[in-house]
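Undergrad: Here is what each chain is made of, one letter per residue.
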Amino acid sequence: MIDLLLIGLTRFIVGGQAQWIGAVPDTRQRIYFANHASHLDTLLIWSALPRPLRGTTHPIAAADYWGRGKLRRHIALKVLNAVLVDRATQGPPGAALAPLRGVLAEGESLVLFPEGTRGNERLPGPFKSGLYWLSQEFPEVELIPTYLDNPSRAFPKGTFLPVPISCTVRFGAPLLRRAGEEKDAFLERARAAVGALASDTVP
Amino acid sequence: MSLTDKLFILFGGISALLGIASVIGFMLSRKVTSENGRATVANLNARIKAWWVMVAIFAVSFALGRGVTVVLFALTSFYTLREFISLTPTRGADHLPLVAAFYVLLPLQYWLIWTDWYALFTILVPVYGFLLLPSLAALKGDAGEFLLRVSRIQWGLMLTVYCISHAPALLTLDLPGRPNEGFLLLFFLITVAQFSDVMQYVFGKLFGRTKVAPVVSPSKTLEGLVGGGLSAVAAGAGLWWITPFTPLAAAAMALAVVAMGFLGGLSLSAVKRSMGVKDWGTMISGHGGVLDRMDSLSFAAPVFFHLTRYFYT
Numbered sequence: 001m002i003d004l005l006l007i008g009l010t011r012f013i014v015g016g017q018a019q020w021i022g023a024v025p026d027t028r029q030r031i032y033f034a035n036h037a038s039h040l041d042t043l044l045i046w047s048a049l050p051r052p053l054r055g056t057t058h059p060i061a062a063a064d065y066w067g068r069g070k071l072r073r074h075i076a077l078k079v080l081n082a083v084l085v086d087r088a089t090q091g092p093p094g095a096a097l098a099p100l101r102g103v104l105a106e107g108e109s110l111v112l113f114p115e116g117t118r119g120n121e122r123l124p125g126p127f128k129s130g131l132y133w134l135s136q137e138f139p140e141v142e143l144i145p146t147y148l149d150n151p152s153r154a155f156p157k158g159t160f161l162p163v164p165i166s167c168t169v170r171f172g173a174p175l176l177r178r179a180g181e182e183k184d185a186f187l188e189r190a191r192a193a194v195g196a197l198a199s200d201t202v203p
Numbered sequence: 001m002s003l004t005d006k007l008f009i010l011f012g013g014i015s016a017l018l019g020i021a022s023v024i025g026f027m028l029s030r031k032v033t034s035e036n037g038r039a040t041v042a043n044l045n046a047r048i049k050a051w052w053v054m055v056a057i058f059a060v061s062f063a064l065g066r067g068v069t070v071v072l073f074a075l076t077s078f079y080t081l082r083e084f085i086s087l088t089p090t091r092g093a094d095h096l097p098l099v100a101a102f103y104v105l106l107p108l109q110y111w112l113i114w115t116d117w118y119a120l121f122t123i124l125v126p127v128y129g130f131l132l133l134p135s136l137a138a139l140k141g142d143a144g145e146f147l148l149r150v151s152r153i154q155w156g157l158m159l160t161v162y163c164i165s166h167a168p169a170l171l172t173l174d175l176p177g178r179p180n181e182g183f184l185l186l187f188f189l190i191t192v193a194q195f196s197d198v199m200q201y202v203f204g205k206l207f208g209r210t211k212v213a214p215v216v217s218p219s220k221t222l223e224g225l226v227g228g229g230l231s232a233v234a235a236g237a238g239l240w241w242i243t244p245f246t247p248l249a250a251a252a253m254a255l256a257v258v259a260m261g262f263l264g265g266l267s268l269s270a271v272k273r274s275m276g277v278k279d280w281g282t283m284i285s286g287h288g289g290v291l292d293r294m295d296s297l298s299f300a301a302p303v304f305f306h307l308t309r310y311f312y313t
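Chains as they are written, first to last, in UniProt numbering: chain A, 1 to 203; chain B, 1 to 313.
Treat each hint with caution, since some may be false.
What the hints assert, rightly or not - Sample of chain B residues with no beta-carbon within 10 Å of chain A, all distances over it, derived:
no.	residue
1	G19
2	V23
3	G92
4	F102
5	W114
6	L147
7	T282
Unchecked claim - Here are a few chain B residues that face chain A, going by a calculated C-beta distance under 8 Å:
no.	residue
8	R66
9	F78
10	I85
11	T90
12	L98
13	V99
14	G281
15	S285
16	H287
None of these hints come from the bench; they were simulated from the model.
Ideal Cβ positions, reconstructed from N, Cα and C, are used throughout, including at glycine.
Build out the structure end to end from the sequences listed, making use of the hints.
TA: Structural data, given as structure tokens:
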């Protein structure tokens, strides 16, 4: 019930139409990695996925936003199936990835924002290394570059209310792994794959 | 004849017309063989299907009364403004003016129709919106392309909220001896404007040769304009019995609607072209966006409203 309400509201305010450009909706295990522009992003990707995929796909959401307040927390955990991650975690490198590994180990899919923070630019900024480590540990999982068009205009950083501006979610062709590729080269290639889906470069 | 009887006849007539169009569309889809022809017919059939839905929505809202009709047009303004702003470059500093446009000015404009506050209705967007939006944008302290940014939002608001709201505002007109017949005026306006668009498309496809505006809108032809325009004027004259107009006056009113509709379509084509897009959106299959269907109505509504208000109330 609340999920339909949420999808309805998302469609009404920002549209969130899905465009499958290089991939088709499929229940196989995937990591969708996307540019991050607003707090709408999690909602946008979640509502753009067909219903059968929604149940088994878990967006990674920042605990300092989605974990705050009872309602928001309930929506994040119970409706969006989100995994809350504490961005301030200090510890050995890769420790913050533990809950993500858990999801992948159970055979379910993830939605990641490898920039780690919201940006205002059209093209994504540098990626953090989490995507690389996960792609190494789970070589069977398909990596789907995802581009969110417009959410930074609809809900810019530092504002309280989204305005109605149509956003689009584009799913691109799976990123193939190359044997022996260095971490930085891989991350740069992944970032370029997302950037390639930005509007004026797609036919 | 009561208002309900008239509306029954009118929507019955429209359904019959659409029924004929659907049959023709179906026969064409079995007849065409060429690649190009098939695409045209597929688009035609998508348009006819969308027409059925749009007519059904209007019929239901008319049946449910003034409140629902006002809400329907408020939603139309909402979606057209969303389409307009989505294609218009805005930046972070425009957020506050946009919040005011979508969440304050738009609902307020339709609330003024609902409460029949004519004086404020006519100046809300052109005067108070005009003063409010730049103020809010300036408070953000971003001077980059300031005039351009503020003008775009004001223009979108004038077109999609102010102009379109003049269509449901017909329901507030006090026609002497004709209570509640604003619905019939609204039906007249929408039918003439949309019939003109459809017939211009049909005549243009069949006989179109001479382009009237090759740069701005290559699909508009003189043959389409004349054939479609005359059909719509004839249709308007034939609807005189639902209006306070004489047959001749109804034809003149229809002519005003057709002329403004043509100019509206042309102006908005120019806007789209300057933005480098073909359609305003993808909401109505076969037609493009909502604004692609409302462009002629947005220009025609204020003129039709003022002519009727001046001469008939």
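Undergrad: Give a verdict on every hint.
TA: Here's how the hints hold up against the structure:
1. G19: holds (31 Å)
2. V23: holds (33 Å)
3. G92: Violated: least Cβ distance 4 Å, not greater than 10 Å.
4. F102: Incorrect as stated: the minimum Cβ-Cβ distance to chain A is 5 Å, not above 10 Å.
5. W114: holds (21 Å)
6. L147: holds (20 Å)
7. T282: At about 7 Å from chain A, T282 (chain B) fails to clear the 10 Å cut-off, so the statement is violated.
8. R66: violated (23 Å)
9. F78: holds (7 Å)
10. I85: holds (6 Å)
11. T90: holds (6 Å)
12. L98: Nearest chain A Cβ about 4 Å off; hint holds.
13. V99: Hint holds; V99 (chain B) Cβ to chain A Cβ min 6 Å, cut 8 Å.
14. G281: holds (7 Å)
15. S285: Violated, because the Cβ-Cβ distance from S285 (chain B) to chain A comes to roughly 13 Å (cut-off 8 Å).
16. H287: At about 16 Å, which exceeds the 8 Å cut-off, the nearest Cβ of chain A leaves the hint on H287 (chain B) violated.
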